[in-house]
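Trainee: Take a look at the letters that make up each chain.
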Amino acid sequence: MSLRFILPPGPFPPVDPPEPDTEDELSDDFDLPEPETEFVPAGERLDLGAVFRDRLYTGHHLDGPARSALQSRLKEALESGDMAKGAEVLAAWADTWSLSAMVDDANEQWSTDPDGVSLSVLTRAAEVIELALGWKTGPNGPWPWPDAAALRAAVGAIDPERDCVLARHPLDGAEQLAEALGIPLQVGNPLALPPHVLVAPEELVERRAELGAALAEGTYTAVVLLGEPPDMPATALARGELRLEGDAQVAVDRHGLAGLLAPDAPAWTAVRAPAPVAADAPPTLDTVLDAACDGALVPGPPGRIRRGDLDTVGVLLWVGPHPPVWVAPVAVHVLRGLNGTRSLGQLAEAMGAPPDALLEVATELLRVGAAVRV
Amino acid sequence: MHRRQKLPQSGGSQMSHRCTATATEPHGAIRPHSVRCEVCVSGSLTIVGLGPARPEHLTQEAVQALQAAVADPHSWRVYGLAHARALAEAIAPGLQIRSLDYLYGLTGVDRPLAYADLAEMLTRRAFSDGHHVLYLVAGSPLFYNDAVLAIRRRAAAQEQAIRLIHGMAFLDLVLDRVYWTGHSGLALWSAWNVAFDGVALDVGAPTLLVQLGEFGSSGDALNEDRSPEMLGKLRDRLRRQYPADHPVLVLYSSGPPEYRSEGRRIELSALADQPVPVYSNLWVPSIGGPDLEATLAAPSVRRMVDPLSEVLS
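For the protein sequence lines, the chains are Y and F, in the order given.
Heads up, the first sequence is in the working numbering, so the first residue is 1173 and it goes up one at a time.
Heads up, the second sequence is in the working numbering, so the first residue is 47 and it goes up one at a time.
Next comes chain Y alone, as it looks inside the complex:
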């Protein structure tokens, strides 16, 4: 009987090419994904990282099921009075628009030639997916760890005589997976990663000089902490030195071990840029505009929700690499009225809006790239 080696879903999306198209395999029920036994040739490997990547880190998933799930989570959070959670979920929900346009390319890039931008996109996607599915973070980095039901469904029927978990790094979660599935652990070839060292958080301050020297010397590119160190000035200063000297330290702190493969990974906020804007004359009532993005009405920008201040605002959302723009609700009403055929004068009449006020809003929509002239 040939063995089946199961690779854990961590510590980051694998770099082998994604499966061509998995849209039909998506399940509407996030907690119970469909088994993907077709990935498991007998006697070979089942890479759970690839399974969940191909199922979850896709434009289709983020644009559909993940967004719907986040809407439900947002409602739950606000109803329960958890404003911090509500703000976090709303920001994630708004990011599903840009992520849906970016994540497939990022996956392709990461799978062929890992780079910093693709890692930042995948990391943000991971955070969004984790919130949508309600999963916990895995043993390293921001990558969500599937719940027990999702794991079992992805693995399919388990045969303890034949199945084993392959460990490739102390932080890949292999031990955790073996325990969850009740199957043995085998040590495989270690992941090919640039030199790094694992350090217990309580050792950080006392080992600071040694670690700083090793990073400056190039012996390691980063220090991977095995947990969150105590919150005190000496810790903050020690971490500052590690980031100062370690070429991949900032990326590792942000993305986990994956940062070792892309030390120049930018912050998510630096990955997107405002939507392009055409330099045209201000619109008139004869101008015909079309919407260049979606608009939605939500209970407030995340910052205000966090403060417990709920009030309807608009948000402009691009299916592209652009951050959401928070606006007055009227801007969303006008945006929804733009259809590429009627003039602004006709729209003002249809909406019963003062023409000057509508022109003012239309001008703003053009200014932020939310509308285009036809």
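Calculated from the structure, these hints are not laboratory results.
The C-beta atom is built at its ideal place from N, Cα and C for all residues, glycine as well.
Any given hint could be a false lead.
Claimed, not checked - One-sided excerpt, in silico: chain F residues whose CB lies under 10 Å from chain Y:
#1 Gly154
#2 Met167
#3 Gly176
Once you've looked at the hints, dock chain F against the given chain Y.
Mentor: Only chain F this time, still in chain Y's reference frame:
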């Protein structure tokens, strides 16, 4: 005294040795070379003063240090804060400078602690780890620079020599807008010392109060909005020694890219009436001193006109 750094026992080739100093110049040689140094096997620490503002304020020695570092990036580890980095990068494009800006954003870490930590870290990097360290600072390293002071004290305690590349101090720009005779001396104080520490001035000599815009004992001066807090305290303290109508000169820079020396003359009683820019200074003329020292001097021309080009035009 040299501290000897352990070198690799095997493969101790020239390439394995970071030192770029020569045998005759064990410390401070700027020109890197590939010859293994027989004398100095420890690192070195060089503090480079970049002058107060414009690239033309740098000394030739500072420029050479930056150019040497950019020419041989593997031999030098260069550190600096934002304003020093911008200036250095203008002189030596491509220079890899490690940003120390994080020291200003750490929760629970005030400026004195941050500077002490910086000093510990850079001396360790140089004298324990054996790297050649360039620490870039704005202005002169020797004027109101707590980090440099801490580095010098720490290095002295370890019996290690550091190299100082002096830079033009901000004082030169400040004095551009006053007529200081020097006849009755000059006192130099931090405005904080007078406003909050109760330092009394010698009214018989002019005084320059520096760092006028700060509002915290740890040196916070990120924007001008909170400067009236300091100015009000300072005005009240000075009023104990000077009359309300005593003239004072607020001296500051126009900021990038021109960095013109600016100033305004006001009565002491009006000192807190409006905010002052970050990095402002206050000139307090002596009581009974020459009127000249209480006068706002005309601004100097930034660049001298070339007489030959004037003739040709």
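Trainee: All hints are to be evaluated individually against the structure, with a verdict given for each.
Mentor: To see whether the hints hold, each was checked on the structure:
The criterion of a C-beta within 10 Å of any C-beta in chain Y is met by Gly154/F, whose closest approach is roughly 4 Å, and the hint holds. Interface hint at Met167/F: satisfied, since its Cβ lies 6 Å from the closest Cβ of chain Y, which is below the 10 Å cut-off. The interface hint given for Gly176/F is met, as the beta carbon of that residue sits about 9 Å from the closest beta carbon of chain Y, less than 10 Å.
Checked against the numbered hints given earlier, this structure breaks none of them.
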